[in-house]
Amino acid sequence: MDPSEVPPPLALVDVTKSFGSVRALRGLSLELRAGEIHALVGENGAGKSTLVKTIAGVHRPDTGRILVDGDPTVFTAPADAQRAGVAVIYQEPTLFPDLSVAENIFIGRQPRTRLGTIDKARMRRETAEAFTRLGVDIDPDRPANGLSIADQQLVEIAKAITRRARVLIMDEPTAALSGVEARRLFTVARTLRDSGAALLFISHRFDEVFSLCDRITVVRDGAFVSCDPTAELDVDTVVRRMVGREVTSLYPKEAAEHGDVVLEVEGLTRAGVFADVSFSVRTGEIVALAGLVGAGRSEVVRAVFGVDHYDAGGVRVEGAALPAGRPKAAIEAGMALVPEDRRHQGLIMESSIGRNATSTRRRVLSRFGLLRSRDERDTARAWGERLNLKYGHIDDAVATLSGGNQQKVVLAKWLSTEPRVLFIDEPTRGIDVGTKAEVHRLLSGLAGQGLAIVMVSSELPEVLGMADRVLVMHEGRITAELDRAQADEESVMYAATGQRPSEAA
Amino acid sequence: MAPDKTVPAPDRERIRATAPESPIRSVLSTQGVPVLGALIVVAAIAVLFVDMFGTPRNVNFLVLSIAAIAMIALPMTLIVITGEIDLSVASTLALTSATLGLLWESGTPLETAIPIALLLGLVLGAFNGFLVTVCGLPSLAVTIGTMALYRGLAYVLLGDRAVASYPQDWVSGVRQPFLGVQGLPWIAVAVLVMALLFAVLLHVTAFGRSLYDIGHNAEAARFTGVSVKWTKFWLFTLSGVVASGAGVFWTLQYGTSRADTAMGLELQVVAAVLLGGVSIFGGVGSVLGVMSGVLLLGVIRNALQLFGIGSDVLQIVTGSILIASVVTPNIVARVRSRRTSEVPTGTVPGDRPLNGEKS
Numbered sequence: 325m326d327p328s329e330v331p332p333p334l335a336l337v338d339v340t341k342s343f344g345s346v347r348a349l350r351g352l353s354l355e356l357r358a359g360e361i362h363a364l365v366g367e368n369g370a371g372k373s374t375l376v377k378t379i380a381g382v383h384r385p386d387t388g389r390i391l392v393d394g395d396p397t398v399f400t401a402p403a404d405a406q407r408a409g410v411a412v413i414y415q416e417p418t419l420f421p422d423l424s425v426a427e428n429i430f431i432g433r434q435p436r437t438r439l440g441t442i443d444k445a446r447m448r449r450e451t452a453e454a455f456t457r458l459g460v461d462i463d464p465d466r467p468a469n470g471l472s473i474a475d476q477q478l479v480e481i482a483k484a485i486t487r488r489a490r491v492l493i494m495d496e497p498t499a500a501l502s503g504v505e506a507r508r509l510f511t512v513a514r515t516l517r518d519s520g521a522a523l524l525f526i527s528h529r530f531d532e533v534f535s536l537c538d539r540i541t542v543v544r545d546g547a548f549v550s551c552d553p554t555a556e557l558d559v560d561t562v563v564r565r566m567v568g569r570e571v572t573s574l575y576p577k578e579a580a581e582h583g584d585v586v587l588e589v590e591g592l593t594r595a596g597v598f599a600d601v602s603f604s605v606r607t608g609e610i611v612a613l614a615g616l617v618g619a620g621r622s623e624v625v626r627a628v629f630g631v632d633h634y635d636a637g638g639v640r641v642e643g644a645a646l647p648a649g650r651p652k653a654a655i656e657a658g659m660a661l662v663p664e665d666r667r668h669q670g671l672i673m674e675s676s677i678g679r680n681a682t683s684t685r686r687r688v689l690s691r692f693g694l695l696r697s698r699d700e701r702d703t704a705r706a707w708g709e710r711l712n713l714k715y716g717h718i719d720d721a722v723a724t725l726s727g728g729n730q731q732k733v734v735l736a737k738w739l740s741t742e743p744r745v746l747f748i749d750e751p752t753r754g755i756d757v758g759t760k761a762e763v764h765r766l767l768s769g770l771a772g773q774g775l776a777i778v779m780v781s782s783e784l785p786e787v788l789g790m791a792d793r794v795l796v797m798h799e800g801r802i803t804a805e806l807d808r809a810q811a812d813e814e815s816v817m818y819a820a821t822g823q824r825p826s827e828a829a
Numbered sequence: 070m071a072p073d074k075t076v077p078a079p080d081r082e083r084i085r086a087t088a089p090e091s092p093i094r095s096v097l098s099t100q101g102v103p104v105l106g107a108l109i110v111v112a113a114i115a116v117l118f119v120d121m122f123g124t125p126r127n128v129n130f131l132v133l134s135i136a137a138i139a140m141i142a143l144p145m146t147l148i149v150i151t152g153e154i155d156l157s158v159a160s161t162l163a164l165t166s167a168t169l170g171l172l173w174e175s176g177t178p179l180e181t182a183i184p185i186a187l188l189l190g191l192v193l194g195a196f197n198g199f200l201v202t203v204c205g206l207p208s209l210a211v212t213i214g215t216m217a218l219y220r221g222l223a224y225v226l227l228g229d230r231a232v233a234s235y236p237q238d239w240v241s242g243v244r245q246p247f248l249g250v251q252g253l254p255w256i257a258v259a260v261l262v263m264a265l266l267f268a269v270l271l272h273v274t275a276f277g278r279s280l281y282d283i284g285h286n287a288e289a290a291r292f293t294g295v296s297v298k299w300t301k302f303w304l305f306t307l308s309g310v311v312a313s314g315a316g317v318f319w320t321l322q323y324g325t326s327r328a329d330t331a332m333g334l335e336l337q338v339v340a341a342v343l344l345g346g347v348s349i350f351g352g353v354g355s356v357l358g359v360m361s362g363v364l365l366l367g368v369i370r371n372a373l374q375l376f377g378i379g380s381d382v383l384q385i386v387t388g389s390i391l392i393a394s395v396v397t398p399n400i401v402a403r404v405r406s407r408r409t410s411e412v413p414t415g416t417v418p419g420d421r422p423l424n425g426e427k428s
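Chains as they are written, first to last, in my numbering: chain A, 325 to 829; chain B, 70 to 428.
The set of hints was computed from the structure by calculation and includes no laboratory data.
Just to be clear, a hint being listed does not mean it is correct.
[To be verified] Selected chain B positions facing chain A (Cβ under 10 Å, derived; list incomplete):
1) Y235
2) A290
3) L336
[As the list claims (entries may be wrong)] Every beta carbon over 12 Å from chain B, so not counted as near; a handful from chain A, in silico:
4) G359
5) F629
6) P651
7) M659
8) G670
9) I672
10) R687
11) S690
12) S697
[What the hints assert, rightly or not] Distance windows between CB atoms, simulated:
13) A:A653 x B:G205: 50 to 60 Å
14) A:D538 x B:G205: 48 to 58 Å
15) B:E174 x A:L694: 56 to 66 Å
16) B:T181 x A:D665: 27 to 37 Å
17) B:Y224 x A:D702: 31 to 41 Å
18) B:V111 x A:R466: 27 to 37 Å
19) A:G583 x B:R405: 27 to 37 Å
20) A:L694 x B:S175: 23 to 33 Å
21) B:R407 x A:D404: 35 to 45 Å
22) B:A217 x A:V688: 21 to 31 Å
23) A:D702 x B:S380: 33 to 43 Å
24) B:R405 x A:D518: 29 to 39 Å
25) A:F420 x B:G205: 55 to 65 Å
Owing to the predicted nature of the structure, the values given are computational and were not obtained by experimental measurement.
Note that beta-carbon positions come from the ideal geometry of N, C-alpha and C, so glycine has one too.
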């Protein structure tokens, strides 16, 4: 089929959109063809979200046109986009937890029987049909509550199918999925493509983009950069186009001297979460905790730091036993934790940049017990400069910053305590490529100065690129300890899935 | 994925303009300014149009009538900023008063009885704190429970009797003017000093900062090393002590201990705190605002009383002000967010559920 003959089910032509003085989209064009998976890549803030919302009918473009089957169409509300056959699958779907899967799928458009009551049998049947088409096994009658994020996304996709959506937008669907779940999602996506749907796939993960998608569109600063078939592209080219400059190295790991053991974790156990976890970290060393989502990596780190309790085992910092369950004691002992969830654990989003950045050092900054705002601001500004933080005013709410800059505030908050052990959980989740490299360079530099770093990461390239040593966890236990030289994608993945190479074949 | 600058320039200018720069301004905290303005306007109207309002005698009466509320409102401010509430304060006051009465009747000198009464307040507050932090129960439920419990205990101690045999020098003592200034009872100066101490604690110490953090996001505060449970425990204990202190003052001021004393006072305290700009959802508020709120509520009630309006209507007015002070910030926030609603905030989960909504 020559795509130029049939008008594409959805196309955007020269779309612009401004919010106040911020120009989110400046002349963006995009063509989604039937039977094709189209990737959209760009740094954070490049306009991807705005684009998705424009397609979904949430935002109306200031100028430019949206073409449905070649005809100019105006989406005034999300319902218009749905009627045109557009469905959006978000990273974290919002289902009604107490309703069944089938009820969620038909919410607001339940089929009726002749008596005017809801036709539950038909709802169940059509839901089951949709799942069969997708090749997944979810009980239509079970409540949505308790479904994994991956399953919730599949429910949303089933919803789109029953609506006969022809255009599916997937906005970073794999960010919260494990490898197995992501692969299942890709199978579903290919099934949909082969049945003639047009898919738009947004992701920060290049391996996914390259293995799944037929064409790749790169956007930068709200503008179209390029659109080429995947076969004609490679990762370096795409990254270069995204950032608009050469990225020297994504993982600039420098060699650092490893000194004495700073942190010893011995037989740490929490019933039902992790068991018998032991490891030690030396100064200048970066140890990565790898594994699938849900393997218990974050939980171990949280227990060591003291925000969670543990049932057995112990933690020693520089030989001294650390009392359990007391973050304050951990901080005093020289620990710092940059948590996984920036918005809920790392920062007070309503509070200012300055106050967030200094929240760990308030007692130190106080004079005679009194804390002066000027000292808070000055300290925060100094750290902002050190970490190349981009912000409007130090008193702005930290929520006004982009993800990467928010992460820098969390880093400032913890690095200013001059820790000896830094735990960093998903250091670059939801961060654009440019800032990612900055964070990696920073971590590498800190290790060079003798900081012991324990990094939890779900991104294998990051683990392999940064770590001196990789501890792989599977179902709450450490299943492998690999040196930098030994660790490669295969060895880590085998350990993470609880298999040995010989068994796995 | 939202663009770096999600706040339009004018908004940023506004935030900058209201940011306190000097330590003194941060003690006063600019958050309370609108209420202070309202207070000045209402007081001016009352002075001009209400007979007798401006006389030293009435001002004296006004100050005495709100002193206990002002005292109790101070720890209440801290508690509400952390996202909790203490509704047992009036009952704590009454139980303290009843205990003081019994002790005095049984021949205990007041010099001994008063410290015992304060100790009792500490225990009552700590009990609230225990239930909220150790048992993890919501403070609203806990303190509604202890509100009934403490009041009930007061009835057990005194029944429907009254103890009114307090020595005259103590009773008139609490009403003495400060340095002989008519219309300025010494208690007003005492409350002012307390308010300053609380303002310093809340606005310029690490402890005060942590209260706002807890109110906004207790989880993130815990990750930063704040002992959320201990902090809340001490706040409830402090509230108990201050409420019992107010109980001692209240008892001597009226020269009477009764089990039904200060009935419904917690409503006035909470109304004043919320009127003073403290958010019932936690994370927002200032001592200046709350003290203005206490005075504003007192002035309104006093002026209406001078007009000869009965206590039933006063109750309605207090209730309406309570509701208005909760609703107004919501409306203001909604109007403000509507003005900026076109700004993308891609990282806010609240603006995701497009496809979860009814279609």
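These are the hints, each one checked on the structure:
The criterion of a C-beta within 10 Å of any C-beta in chain A is not met by Y235 (chain B), whose closest approach is roughly 39 Å, and the hint is violated. Using the Cβ-Cβ criterion of 10 Å, the hint placing A290 (chain B) at the interface with chain A is satisfied: the shortest such distance is roughly 7 Å. Hint status for L336 (chain B): violated, given a least beta-carbon distance of 28 Å to chain A, over 10 Å. In this structure G359 (chain A) is separated from chain B by more than 12 Å, as the shortest Cβ-Cβ distance comes to about 23 Å.
Look at F629 (chain A): its CB is around 8 Å from the nearest CB on chain B, not clear of 12 Å, so calling it non-interface is violated. A cut-off of 12 Å between C-beta atoms contradicts the statement that P651 (chain A) is not in contact with chain B; the least separation is 5 Å. For M659 (chain A), the condition that its CB be more than 12 Å from all CB atoms of chain B is violated, with the nearest at approximately 10 Å. With a minimum CB-CB distance of about 6 Å to chain B, G670 (chain A) fails to clear the 12 Å threshold, and the non-interface call is violated.
For I672 (chain A), the shortest C-beta to C-beta distance to chain B comes to about 5 Å, within the 12 Å cut-off, and the non-interface label is violated. Not every CB of chain B lies more than 12 Å from the CB of R687 (chain A), the least distance being 5 Å, so the non-interface label is violated. Annotated as non-interface, S690 (chain A) brings its C-beta within 12 Å of a C-beta of chain B; the closest such distance is 6 Å. Against the 12 Å criterion, S697 (chain A) falls within the reach of chain B, whose nearest CB is about 5 Å from its own CB.
Separation of A653 (chain A) from G205 (chain B) is about 22 Å and departs from the stated range, judged on CB atoms against 50 to 60 Å. Between D538 (chain A) and G205 (chain B) the C-beta distance comes to about 53 Å, which sits within the given range of 48 to 58 Å. The hinted range of 56 to 66 Å is not satisfied by E174 (chain B) and L694 (chain A), whose Cβ atoms lie roughly 46 Å apart. For the pair T181 (chain B) and D665 (chain A), the supplied restraint of 27 to 37 Å is violated, since their beta-carbon distance comes to about 54 Å.
Evaluation of the 31 to 41 Å hint for Y224 (chain B) and D702 (chain A) yields a failure: the beta carbon distance comes to about 57 Å. With their beta carbons about 59 Å apart, V111 (chain B) and R466 (chain A) fall outside the hinted range of 27 to 37 Å. With their beta carbons about 53 Å apart, G583 (chain A) and R405 (chain B) fall outside the hinted range of 27 to 37 Å. Look at L694 (chain A) against S175 (chain B): about 45 Å separates their beta carbons, and that is not inside 23 to 33 Å.
For R407 (chain B) and D404 (chain A), the hinted distance range of 35 to 45 Å is not satisfied, since their beta carbons lie about 22 Å from each other. For the pair A217 (chain B) and V688 (chain A), the beta carbons lie near 45 Å from each other, so the given range of 21 to 31 Å is not met. Look at D702 (chain A) against S380 (chain B): about 54 Å separates their beta carbons, and that is not inside 33 to 43 Å. Separated by about 49 Å at the C-beta atoms, R405 (chain B) and D518 (chain A) break the suggested range of 29 to 39 Å.
One distance hint, 55 to 65 Å for the beta-carbon pair F420 (chain A) and G205 (chain B), is violated here, with the actual separation near 27 Å.
In the structure shown, a violation is registered for the earlier hints numbered 1, 3, 5, 6, 7, 8, 9, 10, 11, 12, 13, 15, 16, 17, 18, 19, 20, 21, 22, 23, 24, 25, in ascending order.
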